[in-house]
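What follows is the residue order along each chain.
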Amino acid sequence: MLSVLTLSQNLMTVTKAEILKWITLSADVMQENKQYLTDLDSPIGDADHGINMARGFKKVLERLPTVQDKDIGNILKTTGMALISSVGGASGPLYGTFFMRAAAPVMSKEVLTDDDLVAMLDMGLEGVISRGRANLGDKTMVDGWTPALEALRTAFANGADTKTAMQACVAGAEQGMQDTIPMLAKKGRASYLGERSVGHQDPGATSTYFLLNALLEAIS
Amino acid sequence: MLSVLTLSQNLMTVTKAEILKWITLSADVMQENKQYLTDLDSPIGDADHGINMARGFKKVLERLPTVQDKDIGNILKTTGMALISSVGGASGPLYGTFFMRAAAPVMSKEVLTDDDLVAMLDMGLEGVISRGRANLGDKTMVDGWTPALEALRTAFANGADTKTAMQACVAGAEQGMQDTIPMLAKKGRASYLGERSVGHQDPGATSTYFLLNALLEAIS
Amino acid sequence: MKKLINGIDDVVREQLQGMAAAHPELSVHIDPHYIVRGDAPVAGKVAVISGGGSGHEPMHGGFVGVGMLDGACPGEVFTSPTPDQMYECGMAANSGAGVLFLVKNYTGDVMNFEMAAEMLAAEGVPVQSILIDDDVAVKDSLYTAGRRGVGTTVIIEKIVGAAAEAGYNLDQCADLARKVNSYGRSMGMALTSCIVPAAGKPTFDLGDDEIEIGIGIHGEPGQKRMPMTSADAITEMMALEIIEDDAYTRTVREWDTENGIWVELELTDEPLAAGDSVIAFVNSMGGTPVSELYAVYRKLAAVCEDKGITIARNLIGPYITSLEMQGFSITLVKVDDEILKFWDAPVNTPGLRWGA
Amino acid sequence: MKKLINGIDDVVREQLQGMAAAHPELSVHIDPHYIVRGDAPVAGKVAVISGGGSGHEPMHGGFVGVGMLDGACPGEVFTSPTPDQMYECGMAANSGAGVLFLVKNYTGDVMNFEMAAEMLAAEGVPVQSILIDDDVAVKDSLYTAGRRGVGTTVIIEKIVGAAAEAGYNLDQCADLARKVNSYGRSMGMALTSCIVPAAGKPTFDLGDDEIEIGIGIHGEPGQKRMPMTSADAITEMMALEIIEDDAYTRTVREWDTENGIWVELELTDEPLAAGDSVIAFVNSMGGTPVSELYAVYRKLAAVCEDKGITIARNLIGPYITSLEMQGFSITLVKVDDEILKFWDAPVNTPGLRWGA
Ligand SMILES: Nc1ncnc2c1ncn2[C@@H]1O[C@H](COP(=O)(O)OP(=O)(O)O)[C@@H](O)[C@H]1O
Ligand SMILES: Nc1ncnc2c1ncn2[C@@H]1O[C@H](COP(=O)(O)OP(=O)(O)O)[C@@H](O)[C@H]1O
Ligand SMILES: [Mg+2]
Ligand SMILES: [Mg+2]
Ligand SMILES: [Mg+2]
Ligand SMILES: [Mg+2]
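From first to last, the protein sequence lines are chains S, E, D and G.
First residue of the first sequence: 0, per numbering that gives the first Met the number 0; consecutive thereafter.
First residue of the second sequence: 0, per numbering that gives the first Met the number 0; consecutive thereafter.
First residue of the third sequence: 0, per numbering that gives the first Met the number 0; consecutive thereafter.
First residue of the fourth sequence: 0, per numbering that gives the first Met the number 0; consecutive thereafter.
Chain S extracted, bound-state conformation:
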């Protein structure tokens, strides 16, 4: 899909409409995978991750019409605030902070360049890390975000277009998600299980993959 404003590969590649679509698609995918994410959260958690994410994005959808006409930064900020006030648990502040921080570099923008896109996601991840203080390998959503954003940056550095770069990003998220399986959890609820956390895929890294995949779909 080409925006009428596209001048170069690195300019104005993601529109506000696509961001709105991303949020809507995210809400859909969380609703569809509510049971799956909750099931993942049973052996190493407390069986609520899918329920939490679905509830949160339902609230986001309710609020979305109020910012339909606002800029991308405000849309993301509202998304973050809706998540914070409705998800609870660990994932609420984490995803909430993700969107609140992601909003900062794109405030008052109606369209994003590739650099904006990277900055937006990078700042979001930074928020997740500063809020949750998880390290790579702790078996959390950070293990989904980190390889995904690395792959995104690498793809852009290698001259990929937005869509191709986002495909790499999603592949990175998927790999990161799968790589959580053998990990021993050190943060979050799964850490209480010690050795028994090994062999299970992290629910948060999985919802991160769904979120990035929704972004890819939105811009495709």
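If you are wondering where the hints come from, they were derived from the structure by calculation, not from laboratory data.
There is no bait here: all hints are sound.
Footprint (simulated), chain G over chain D, 3 or more residues, beta carbon under 8 Å: (1) 56 to 62; (2) 286 to 295; (3) 322 to 333.
Each residue gets a CB set at the ideal place from its N, CA and C atoms; glycine is no exception.
Model the placement of chains E, D and G with the ligands on the given structure of chain S, informed by the hints.
Frame of chain S, contents of chains E, D and G with the ligands only:
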């Protein structure tokens, strides 16, 4: 088995040793049928009749040595008191009263005539009825005792010997027990079930059959 | 069966030993089993005593203490205690002002308490015995064993215990117990069966989508089985059965202290009516958490309001249980000033405590 | 799944509405969910507030009242509440003397309470936040999320609530909370899993002869699975893990009210030792009846005696639960005169009441 004292069919037919044996065999049969009686008490009661009877007769066995040398009346009285103080529930006072009252006509006797035997059991049943105020057909142990003692009296009236009469008595108890199946309970815990009590055999009528059968075995 | 027990034959004794260790203010007697207040007998005070099968904790042992019971006699699990327990308990608690037995109407309890009353009377102890029979799920005729004693028991023990503490004499205590019983109505239901330790398996099987309505407290099956439905629907059905229950007449036997004989009385309970005030008691059968009881209370309050019945006080929690059974019961007890005064009076027991 | 609920999305709200109907002395707020004392804010008094996922009733909402919590924030079932609930609750309860958050150490609770503390501080409300982390079943290293907050929470809420009632200021309340936490150790086990309403099936499967040791309170699986054994063996194993637990050091973040920043503190709990006096708390996970808890208490008292530990007070019952899960937890909290004084002080809440 012939007692050396046997003079006529109607004289001195049950010895103290046989009464002691009756009590011991009763304890055995309650222990063996603990599960069965408890199972009968599940659909129309509270799943404890076998447990109650086994516990009670275990206590009786513990006390028995202390009255080994006493007369039959005292043995029965001690049995009744042991049951009263250890069974609880409905069956405790009922079987306890049975043995306490049964003791009265055989006080200070070392051997029983057929008349004594009938008087002993009749008085016992009278005790059960005055304590529990159940009528025939209420689906209780009274529906086991009543046809059993009727059959016993009839057999003696027809000239049967002790053993034959007791065989008739046990057959009457068995019939009475089976006849409780279609009854609608009006007394005891099963009465709370109303129509739903129909189709189940009464646990108390069943333990009554076991008790009389033990007496038959003891004199055989 | 997974239970926190050791040997099956030791269940009741070991639980009593645990109570003894936890509550030094109680005097826990092991052979035979009974519990009395540590300061029993309390000079000049009527001794209020109850008892019944174990498995209903905190009832009755957990209700022994200042302002409630003087003594309790725990039987084996779901089995009435024996007359000698009741006799010993009565002797230990009697100060000379006499003994009031509060007896739930089950054949076993009735007969055992009758024998104990006779034994105490034979020793010259003034004794009264009041039957509790409040379970509207039992459809009774004059010829059956009558209604079971269920939730109202807890309320009577609290109120009559407070009255005895306040100096009511034996006859006054008995009259008050009879009144509260006539004002009380209950109904229970089960989501699951419980397991009697000695039986080792569920007393009844209930499908994943079935519930049992009208159960008693001995884990016995109830009036009817029906498909699972919402908390609101179940609560409304039960509340209406209680509120719309007709006048109930039965013949009870009470001990005539003066003449030393049992006398029969015909007693009639009047139905609840708009304008009445009640204590509303929502009880867990043991395995249902208090959170679910609040969902029930929400609907119960709405039904009562709808029917013009004012809830003056409430009690919500596991007080008269059936081991680990999941389910609940509702009890409504009509109140007047006398009853409310004694309900609000201080009570200090392991299972119920306020104002002290 | 058979539960006394209506629509799955309405579970928490309807339970709160039931609480509101039953306890007019509380002020129950529905959107967002929080509960405060009816007389909040209490002039001059520090507001003690806790919160966490629902499904642990009576904790926390049932502990709001005179002598305990000023406010509680219930999240969805087993899900931490959100910062706006905590913020609104804090604003409603703050009299100017400040807000003390008592936070169980779960990543979700910690992060949400951190955000709420920042929000309150931004409004000029003096705020302190103390972490509760007493679960010895969690084998922690410096790099993990640390120990969970479990049974000691109930004890801290009671003691710090009484201190706030007695006029302790915000710093004094925070110091006392930190001390009681450092004195408390807990461990839990499950006989059965529970069912989160929205999930509709058991969180974990447990065989008929298996038990799960070291569970938390979110129905999550524990440290290890083992074959079912006797109450005595289980109790002894858990009591010894608590009593013999080593000194425990971790880094916690606390809010520096003066400078408006988070600061890191390294805190060390000393192990229990012979000669110590404790509050012994035997807690039902919800589905285990109190009778079984007494069997546990019997053995716990024996183990403590054997180890030279004196049980000064006890608490036995379902106070911090996991829906209808069967199982129990043991908490031992070392006491001194200050702690005992506040433990014995009057408390009047739906879930814990004495002296009032
Ligand atoms: N400290 C942390 N940093 C980053 N992510 C975390 C952290 N703790 C937990 N998570 C993520 O949160 C997910 C669990 O979310 P959720 O189930 O909604 O919350 P809760 O654990 O409170 O029930 C985990 O799978 C993990 O990916
Ligand atoms: N009023 C009564 N008269 C005679 N027998 C009775 C009466 N009530 C109950 N029973 C007998 O007692 C039996 C139940 O005994 P048990 O299970 O030991 O006591 P409980 O019913 O108290 O649990 C019933 O099967 C019935 O035969
Ligand atoms: Mg979770
Ligand atoms: Mg029975
Ligand atoms: Mg019984
Ligand atoms: Mg959670």
